[in-house]
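**Student:** Chain by chain, the residues:
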Amino acid sequence: MTRKTRRLWIVIACLACVGSAAALTLRAFSSNIVFFMAPSQVKANPPSPDRTIRLGGMVMAGSLHRINENGTPVNAFEVTDGQAAVEVHYTGILPDLFREGQSVVALGTVQKDGGFTASEVLAKHDETYMPKEVADELKRTGKWDPRFGKAPDASSWDTMTAKKAGG
Amino acid sequence: MFGPEQGHFALALACVLALVQFAVPLWGANRRDARLVGLAPYLAVSQLIALGYSFLCLVMCAVSDDFSVQNVAANSAVSKPLLYKITGVWGNHEGSVLLWTLILAICGGAVSLFGRNLPDILRGRVLAILGGVSAGFQMFCLLTSDPFDRVFPAPMDGQGMNPLLQDPGLAFHPPILYTGYVGFAVPFAFAVAALIEGRVDAAWGRWVRPWAVAAWCFLTCGIALGSWWSYYVLGWGGYWFWDPVENASLIPWLTGTALVHSAIVVEKREGLKIWTVLLAIATFSFSLSGTFLVRSGILNSVHAFANDPARGVFILALLAIVIGGSLALFAWRAPSLTSTGLFSPISREGSLVLNNILLCSICAVVVTGTMYPPFMQLLAGRTISVGKPFFDAATIPLTLPLLLAMGVGTALPWKRAQLARTFSHLYAAAGIAAIGLVLCFWKLSGVLPIACGALAIWVIAASASDVLRRIGMGHTSAQGVWERMKHLPRSSWGAALAHIGAGITVLGLCGMSQAQHAIVEVHIGETRSLAGDDWTLLDVHDYIGPNYKAMQADIAIRHNGKLVTILHPEKRDFTTQSQTTTEVAIHTNFITDLYGVVGDRHGKGKNTTYVLRLHRNPLAPWMWLGGLVMAIGGAFSLSDRRMRIGAPKRAAARNMARA
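The listed protein sequences derive, respectively, from chains A and B.
Counting in the numbering used here, the first sequence runs from 736 upward without gaps.
Counting in the numbering used here, the second sequence runs from 94 upward without gaps.
This is chain A alone, in the form it adopts within the complex (with noise of 0.2 Å):
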């Protein structure tokens, strides 16, 4: 075994692995890669239910209510970012952070009658931070502008759906 010799077989080895290693990531990534949207997106243009998305905005003050599917208790509440709003229906316990009013993430897919159903909810803030995808959109949508103040409260941006809410 020569010096070359030994060394092509390291290239074939490292070439292998590194190439198999690349097409798993683009085949994971393919079919894994999970996009942000705004409510107002998903009204927009709904992805297809079979795609995983995270839902991100402000849970609308009094939209909260449970419903009971054959004893498991599901939790639903609107997100807003403003603009529109999306129903969320959750299967679990929500985070010890959630809160209406405040910002949160959903994981899940989107249905075909436009309801969202999540399979995670993160509420990962404290009095002060909002994730930063949710503050992100506010500003965009010109919902908020940090330099005055704190974010309003999800409720009273838009009359119209905080009025659907029977707020």
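For the record, the hints were derived by calculation from the structure and aren't laboratory data.
Please note that a few of the clues may not be correct.
Claimed, not checked - Computed, partial: chain B to chain A, Cβ under 7 Å:
1) 451
2) 458
3) 474
4) 478
5) 610
6) 614
7) 692
Each residue gets a CB set at the ideal place from its N, CA and C atoms; glycine is no exception.
Given the coordinates of chain A, work out where chain B should sit on it, guided by the hints.
**Tutor:** For chain B alone, coordinates are given in the frame of chain A:
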């Protein structure tokens, strides 16, 4: 005596000492001045003393409730238990940076004390590099995140710590994890010193390996502990979130594991020198960027304590200097290191090369998955995320050949091996693995879990049979076996244990892939069944804890009518922070975890219902147990006398002194 001003001064003093420790030995080594180089250990020890004093001051501030210190006021409170006052010191950004630099200084001190057998010039250079890194981060601590900042007027009480962090597991998790991260600074310093010197040989490999193994043990423990913490504290039933912070610890672990293996080749066969140096640099670079990119808020995460752009810029500059500088040095000097030692692809060296390639491929996948979302955000403005499905699909197929090779690797001899002969040693292990495969088909569902489970059994069987063969089990008498057992190097025991530990962890992961859970809403006295067990909510009552109000549920679990256990999950309401946490209740028999969480209370009077989440997690404890076994394996191989090559030399010197 232990006030914040003294602590601040000691920190500044340590920073200056670290700068001197960086400059003087390097200059001295360049001029071949033995006196200047000889200063390095003293400087390292005095820097350690100054920094230790500074850290003690911060602990004293927290213990004595000195709320005029910003950091204490923001993170502590009078009502907090003493243990958490102490551990809360590193539960926030400023304190954790201080702890980080303290551990770096301890590493420097350890090199000074245990590295007496190193050539003076090499030790001086190693300590100089450690001092340089230390100085940079102490400057970061002083300039952008000073833990001793005062507030005026001082508040009457502090704001209290995040109750999630108020847990014994998390109290000791950061020091262990940080020791793992920072420990890789020593192999890094050795690599840079070797590049400056332009020489890497077997002795270098022998010196660098114990440090890499020690850091690896701590990092393994730290990751296992962190995963265990998120399992029993966060209460979502999972153990690994594929969150940037977790990936930040996994990435250096992967390259560190590769380093621990490639250093063997340097030590035994003087091969893979350039590669090992690069791995040492890469591992520390990943641990640096992992900890600090997360801390600076560039990668956003559930764990991030503080997001401050000013810190980000400083950290980026520091990372650029450390990582960019060492890589530039590598590019300049590496070609001068020539590799010797020929070996065939089918040999111990060949299997170690394969191990390195596979580990680095997995690492590349994890890096891609972690970095892709922030880059996409930056370049295309689209917010995306990748999670468990991506990492599972991309990493598990690469783990399969790694597990397969793990079983064969230790059985191969150095230089050149005959496959037929090697496989004749592995018949028994292959047989056990075949039985395991049948068992997996019966117990597990899904192609990947079955394959992983069978391969994990293969790794365990092959490692065990390798040790048994070496001690001559079945060939020689009991006396002979005992003799051989005593003479088998500890590093062989260590390697076998570490591999068995990896197998146990993989089995645990396979078991967890079959976990079942149910979310139910029940009245008191109602029973639900999950996977053959009947869960009954017996009672729910409220009580008041030291700094929280709690709601505790009693859940009885019966299997075929026989009482297994009563779980007491809680939901706690911390009044100071207006935050609630869930306390999970877990019953384990080391085969299956029964895991209960209590959620909200709804309705009033007779109609009161409670939401419960019930989990049945097969083999869950094995995941962390395996991590512990891996670390014990590492520790075992650290105790090998080959790792303490200096001992005989020192003894000779002592005898000479006596004569």
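**Student:** Give a verdict on every hint.
**Tutor:** Each hint tested on the structure:
A distance limit of 7 Å between C-beta atoms decides the matter here; for residue 451(B) the minimum to chain A is near 6 Å, and the interface restraint holds. Interface hint at residue 458(B): satisfied, since its Cβ lies 5 Å from the closest Cβ of chain A, which is below the 7 Å cut-off. The beta carbon of residue 474(B) is not positioned within 7 Å of any beta carbon in chain A (closest approach about 9 Å), and the interface hint is therefore violated. Because the closest C-beta pair between residue 478(B) and chain A is about 5 Å apart, less than 7 Å, the hint holds.
Interface restraint check for residue 610(B): the shortest CB-CB distance to chain A comes to about 9 Å, outside 7 Å, so the restraint is violated. A cut of 7 Å between beta carbons decides the hint on residue 614(B): the least distance to chain A is about 4 Å, and the hint holds. Taking 7 Å as the C-beta cut-off, the interface hint given for residue 692(B) holds, the closest approach to chain A being about 4 Å.
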